[in-house]
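Using the hints, put the two standalone chains together into the complex.
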Amino acid sequence: MIQLKHLNKKFGQRLAVDDLTLQVPAGEIYGLLGHNGAGKSTAIGMMLGQVWPTSGDVNICGHDVTAHRRLALQKVGAIFESPAFYDYLSGRRNLEILSSYTAPTSKRRIQEVIEWVGLSGREYSKVRTYSHGMRARLALAQALLPQPELLILDEPSDGLDPEGIHEMRLTIQRLHRELRLTILLSSHFLVEVEQLCTRIAVLNRGRMVFEGTLAATKQGAWTRLKTGDFALAVKQLRESQLITQERDGHLVALCPGIGTDQVVRLLVERGMPVYEIAPVEDTLEDFYLSLMNGQKQGE
Amino acid sequence: MFYRHLRNELWKLFGKKRTYIGFGAFLLAQNGMLLTFHYTHWQTQMETMLEGNGYLAQEYVSALTVALLMLIPQILLLMPLYAALVGGDLVAKEVEDGTLRMILSRPISRFRLLFVKWVAGGIFSAALVLVLGVTALGFARMWFPWKGMFVFVPGQVFNVLGAGEGFKLYLCSHLFMTLNASVVLGIAFMFSCFNMKPAAATILALSLLFVNLVMEGIPFFERYHEYLLTYHFRCWHNVYVQPIPWSQIGQSVSVLLAFNLTTFLIGTAAFQARDIKS
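Chains A and B, in that order, give the protein sequences.
The first sequence runs 106 to 404 under the working numbering.
The second sequence runs 559 to 836 under the working numbering.
Okay, chain B solo, but in the shape it has when bound (with noise of 0.2 Å):
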């Protein structure tokens, strides 16, 4: 029964234009970088930084590189936004259709289908990570050669590595990234089990967002950084440095499983408290 639920659930979701709309506006975004990095100074003053470092800039300009650059502002922006657009959608938008009632009249507990919701939005916030992550590798590979990783984070990485190793950590980090989308798209599902329309729920969900990631770039803030989520949604670039700190990624990770499973209980102990009226 969970997996004919599971299912139902994914049919909804990747059943709507909408689901498609955002992976579209990745597309976009995607290629609008590609060409941006290649028709203006940007790939240049990547192969004088490399060059001034005492690289080869030919053997690090690559696909890996170029399809690394693409995904931090798409990962930080974009993604963000359409997993708190789809997880504000998972509950707030059946109740406003009264597709929810409907279900609801039917000898189902309210956990149970919230927890389905909860994890079809894990599979969803995996689907769009690894749609970006593919895309991107694909669109920079039909411009750039299959060569060694260069990746630059101000004040955090600067790392070259092989292809082979490369792609490794390049599929590692997105293991993390997509550990993100789901924090996210958890905030955003929390508050859409609230009785509130479902534009509110995304709205608070990346205003929540918005708070930690200015709080972050406050001085006074810095010796808080570990309570504040942003922080923690970084763990993906610790992937690439060396040696690779895995105890700072595992708390990292901890916060957010924990966090995650906090938005979850939050939400369903106020979805069960609910009445559901036309």
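In isolation and in its complexed conformation, chain A is listed as follows (with noise of 0.2 Å):
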């Protein structure tokens, strides 16, 4: 659906997004995570034909961005963060306006949209009267209203209460159900990732320095140990070169082929008491800190 290829961007000498090459599958929740500046929003405007690349290709629906925009967009919906409108205008003509620019559409589809977003009654309201949650409803009735089969969300939960994110959350989850559109969502909100994403991409300085599906994300690299006396359990381990790390008291990490078997066999042999030892699953948080931490490390 979205197929990016050795994307660069620079903004004078400034390198926005170097080197992208990414693929999202029909079908997917897509995740595309990063700091402030990590390059989201210039690579998302690159998929939409607002920001030109420096190299590279972008290919949307099987179509050239920047060759046949008119192509690539036609079943593209798009939300940004802090969605703006004609605040001076009523929603629906707001949606009149927006959706004109795709193709022309019926009032009854736009009435349609209306209803399945939850705006119903409000629609003749100047935009101006409307509270976040309801410009955040609005921004995915425009986006809809094309019939997408792939909706791009930069940020949708920005600025939203907590009762808006956790609606904007389940509606991104109906829409993924019942419409089975593809979706790249760009958040800051790990937890918000985590729970809707199938797959995920990390940018940190315009580069990828992750890409797979969210199971990997959570193949944690440590594994809890309790055990009678902590510090001497690490010395003993380390000296038998079973592990790599501890940290918090009760954290090791294992070299690479050893098995917690191994570690409780040592353990015991040597007088120490194992009251508990498994693998840890790491949260999305733990897993994009510890990836930018040794980013920062790497430099």
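Quick caveat, the hints were computed from the structure, so don't treat them as lab data.
There's no promise every hint is true.
Unchecked claim - Derived Cβ-Cβ restraints for the label pairs, each shown as a range:
no.	chain 1	residue 1	chain 2	residue 2	range
1	B	Asp833	A	Pro384	31 to 39 Å
2	B	Asp833	A	Arg329	46 to 54 Å
3	B	Gln714	A	Thr159	48 to 56 Å
4	B	Leu568	A	Gln216	21 to 29 Å
5	B	Tyr785	A	Asp266	54 to 62 Å
6	A	Gly264	B	Pro777	55 to 63 Å
7	B	Ile681	A	Asp266	38 to 46 Å
8	A	Lys212	B	Phe572	19 to 27 Å
9	B	Leu729	A	Asp266	52 to 60 Å
10	A	Leu284	B	Leu771	57 to 65 Å
Here a beta-carbon is modelled for each residue, glycine too, at the ideal position from N, C-alpha and C.
Written as structure tokens, this is what we have:
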């Protein structure tokens, strides 16, 4: 659905996106993570033909965005952080205006979408009277009007209260389930990404530093170990080259190829009780932070 | 689709209160001038001038004469200001507000979007001049009779006309005023296509006109008048000269049309090359 090949973008001397190659298959909810200025919005801008790539290819729905923008974006909907509307016009008028840039949209279809997002009864009110949540729903409505196959969401929960964030999360799940949309989600909310996405890419300073399934991020490098004397156990395990690191007084990182059975055997043989030993499943936050720390140390 | 997009632009343009503030300012200025004309020596001076040239003042101090009198300073000062204000907003305000990013996530080409905006700007220019002309004549008619027309622009025109002919020329001159307004709007539009704030686009457009006006007033540049925009803006005065210098008007219209097209193309090229980011 989305295919980026060796994509680069320079703003003056600054490299905003550096050799980004990415593929989002149809039907996925794909997460795009990274700190502020990591290049997520620039990458999304290039996918939508708003930012010109310095080099590389961007293909959306099988069409090159730079050369055939019209064809590429025909079945694409997008929502940006703090969605902007013509505040002095009604919600419905905004939808009429925005949808007309894709294709003529019937009044019936507009009404259907208004009902779908739950804005019925307020569609004729001026947008300036809308709450953050209602604006988010209006943004969703405008994105859904062209009956998209791909939805690009750039920080859709930004500025929403906890209820709004929860509602947005449910809506994204509903869109994926009911309308079978492919969704690219760029977000700072790691919990949101963890709950929604099946696959993620992490950008750091314009470079992609991880790409894979969410399950892969959970295969933690740490093992929880509860024993009588943790410090002594760590010393013994290090001497036997079974672990590489320890932290927090109960976590150890096993050497490659070492299993928990070997750790248990060694400790028991040396007379130390083992109360608990189990691999720890990383949260996405743990994974993200360790990835970013690793990047910092590597520089 | 073009009609639909144009209708969108007009909704956006005429849905804003700011658009009507301009019209409101014109109405106030017109009434202010009308009262000044009626209650100061202005009217008496005009009557003296007419009588000094052998004309019956009461035949020519009319609605048409006063309407035109009201229009001259407004076309020179207020009209460029409001045309530049709206032109500067057309693209830059949408970029600033973030609505352009919403539009450009849709499969519409940048050229088409700008062309529609430019045409909408032209329609706004026509509406602005039409309202100016109609309200000037309407207010003047409330105070003055429908009689002959006296046109006096120092150094350019001194003419008296019958009511019918005067009205025809009054209508005709509005066509050229519309062209002037669209050129001013086009300059601000061009600047607003670059990466700048709407106010900056408006100020740059007005500065360009001001520089033209100042240069025109410097004797050294007298031989270069044809190269100055403000010189060609005065083509609407020439409609009232007898006989009408159509070749000179044609030359000015050609220059203004070419200038308008050039600003559009420069703006489009700049916008096409730009990255649109939040």
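Now the hints, each set against the structure:
{"no.": "1", "hint": "B/Asp833 x A/Pro384: 31 to 39 Å", "in the structure": "46 Å, violated"}
{"no.": "2", "hint": "B/Asp833 x A/Arg329: 46 to 54 Å", "in the structure": "48 Å, holds"}
{"no.": "3", "hint": "B/Gln714 x A/Thr159: 48 to 56 Å", "in the structure": "55 Å, holds"}
{"no.": "4", "hint": "B/Leu568 x A/Gln216: 21 to 29 Å", "in the structure": "24 Å, holds"}
{"no.": "5", "hint": "B/Tyr785 x A/Asp266: 54 to 62 Å", "in the structure": "60 Å, holds"}
{"no.": "6", "hint": "A/Gly264 x B/Pro777: 55 to 63 Å", "in the structure": "60 Å, holds"}
{"no.": "7", "hint": "B/Ile681 x A/Asp266: 38 to 46 Å", "in the structure": "42 Å, holds"}
{"no.": "8", "hint": "A/Lys212 x B/Phe572: 19 to 27 Å", "in the structure": "22 Å, holds"}
{"no.": "9", "hint": "B/Leu729 x A/Asp266: 52 to 60 Å", "in the structure": "58 Å, holds"}
{"no.": "10", "hint": "A/Leu284 x B/Leu771: 57 to 65 Å", "in the structure": "59 Å, holds"}
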